[in-house]
Amino acid sequence: MNLVELFNYIRSDPLLWGIIAATVFLVYVFSIGGLSIWIERKWAGLLQSRLGPTRVGPFGILQFVADLIKLVSKEDFVPPDGDKKVFKLAPIVLVSTLIAAGSIIPFSPSLIGSNVNVGILFLIAMFSISPIAVFMAGWGSNNKFSLLGALRNIGQMLSFEIPLSLSIVAVVVMVGSLRIKEIVQAQDQIWFFALQPLGFVVFLLAIHAEAGRTPFDMQESEQELMGGWNVEYSGMRFGLTMVGEYIHLILGSMLVVLLYFGGWKSFGFLPPVIWFIIKTNIALVILMWSRWAIPRFRIDQIIDIGWKYLLPLSILNLLITGALVSMGWFSWI
Amino acid sequence: MGWITLISSWLPPLLFGVAGAAICIILMMPGKFIRPNNPNPNKNIPYECASKPTMEAVGQRSVKYFRYAILFVVFDVEVIFLYAWALIAEEIGLIGFIELSFFILVLLLGLAFAWKKRALEWG
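First to last, the protein sequences are chains E and X. Just so you know, we're using the working numbering here: the first sequence kicks off at 1 and counts up by one. Just so you know, we're using the working numbering here: the second sequence kicks off at 1001 and counts up by one.
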């Protein structure tokens, strides 16, 4: 049996394929997550005229291994007055729902966990579970800072969820399908950021807020809330909340690439998977950039941006797109 | 859609979720053997700027958050309807789009009302 036959055999069995794809995806996400912590710290160092991590390994690249060892060996604290079950369950809910969302990300035409018919809607649904996990953490901690951070997180998520979904609807209108694979295949001739400039800007801002990145990282503003909703977490539990945030960020950058920058569509000379990974990592670095370049907004400013600017803009974008599609201008896609 | 297709397309997402939960538990495991465990009554007090906490953490919270939550429900339901329209927008053409614009117009009126009633003001 050669490799292609073996791949097709695995692909045809959903159970076997699910297990293998989940393992590969986990390994990929965790290695990119570990690497992106190093990239973020080096990138921050570059932007702030300092060196960043240098001690562990060449150029400090093994820093995340040292962090991992530190996290594993820390005491595990569970607040005795809090809701212990909820407290322990929160990181697991956060990570597992986000990993489940990763199952519909197509790395290439054939490398996709499952090409479900509701595609992007499932991804949005899984994204909306993460504020619930954050609230579980805030509620279970029995700490005012945690609860405030969790409430702010929910307020922010609710404000940016609608512009995010509306700018995705504008893409779906042009393609006529919710399957992410077909959305990418529709970008054969032109990438959608050129056809949807307004939607792209709204989406980019909203995905910053979704992933809880500065300038919208209200839920963990270190200076006022001491770290926000995960302040009572320690050791590996804290590590898991950070893992959840990084997976959120990685999925967000994948979504930017899939919806607006042609997914695995390439310029040749490399396989599609490699192109997708390269584009995703460029998007990841650009998403990290804003954290070190733009100061944090206040909570009222964030909510204003969501409701008073992005929501009307995304409705305008949808109306324009809808009118053009209904008149048949985009039938060539 | 038959049961077989349904299960075969939704089994991988389920397995991904299970794998995500499993990796959390696996990552938690090795720490059990090496981490210290020194409980202390002072350590159990909720962390609050070095002073003793004055009230319960779970108390009254600002109504603002609930106001936005209610607005969110209105618009989120709108978005779900929009997904249904988006899939067949090209087939139903301009008539469908005009009907949809009335739907959006009503919701925009709702937004304008909320805006005018200062429901979108934080302070």
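Keep in mind that a hint or two might mislead.
[Stated by the list, open to error] Covered stretches of chain X (in silico footprint by chain E; criterion: 3 or more residues with CB under 8 Å from a CB of chain E, positions within the stretch not fixed):
(1) 1009-1018
(2) 1023-1030
(3) 1067-1077
(4) 1091-1099
(5) 1103-1111
[As the list claims (entries may be wrong)] Simulated restraints on C-beta separations:
(6) E/27 - X/1039: 51 to 61 Å
(7) X/1018 - E/293: 51 to 61 Å
(8) X/1103 - E/88: 36 to 46 Å
(9) X/1087 - E/286: 41 to 51 Å
(10) X/1018 - E/234: 20 to 30 Å
(11) X/1087 - E/10: 30 to 40 Å
(12) E/298 - X/1052: 27 to 37 Å
(13) E/293 - X/1099: 54 to 64 Å
(14) X/1099 - E/312: 34 to 44 Å
If you're looking for bench data, these hints aren't it; they were derived computationally from the structure. Please read these numbers as outputs of a predicted model, since none were measured by experiment. The beta-carbon is built from N, C-alpha and C at its ideal position, and this holds for glycine as well.
Outcome of the hint check:
1. Interface restraint, the stretch 1009-1018 of chain X with chain E: holds (10 residues with C-beta to C-beta distance below 8 Å; minimum three).
2. Only residues whose beta carbon comes within less than 8 Å of a beta carbon in chain E count, and the stretch 1023-1030 of chain X has 6; three or more means the coverage holds.
3. Judged by the Cβ-Cβ criterion of 8 Å, the stretch 1067-1077 of chain X is covered by chain E as claimed, because 6 of its residues qualify and three suffice.
4. Here's how the stretch 1091-1099 of chain X fares: 5 of its residues keep a CB closer than 8 Å to some CB of chain E, so the rule of at least three is met and the hint holds.
5. Chain E is given as covering the stretch 1103-1111 of chain X, and this holds because 3 residues of the stretch bring a CB closer than 8 Å to a CB of that chain, at least three being needed.
6. Between residue 27 of chain E and residue 1039 of chain X the beta carbon distance is about 36 Å. The supplied range of 51 to 61 Å is therefore violated.
7. A C-beta distance of roughly 39 Å is found between residue 1018 of chain X and residue 293 of chain E, which places it outside the suggested range of 51 to 61 Å.
8. Between residue 1103 of chain X and residue 88 of chain E the beta carbon distance is about 44 Å. The supplied range of 36 to 46 Å therefore holds.
9. Hint check: residue 1087 of chain X to residue 286 of chain E, Cβ distance near 31 Å, so the stated range 41 to 51 Å is violated.
10. Between residue 1018 of chain X and residue 234 of chain E, the C-beta spacing of about 26 Å keeps the proposed range 20 to 30 Å intact.
11. Distance hint for residue 1087 of chain X and residue 10 of chain E: a CB-CB separation of about 31 Å, consistent with the stated range 30 to 40 Å.
12. Taking the beta carbon of each, residue 298 of chain E and residue 1052 of chain X are about 29 Å apart, inside 27 to 37 Å as hinted.
13. Judged by the Cβ atoms, the range 54 to 64 Å given for residue 293 of chain E and residue 1099 of chain X is violated: they are separated by roughly 44 Å.
14. Taken as a hint, the range 34 to 44 Å is violated for the pair residue 1099 of chain X and residue 312 of chain E, whose Cβ atoms sit roughly 21 Å apart.
The structure fails to meet hints 6, 7, 9, 13 and 14 from the earlier list, while all remaining hints are met.
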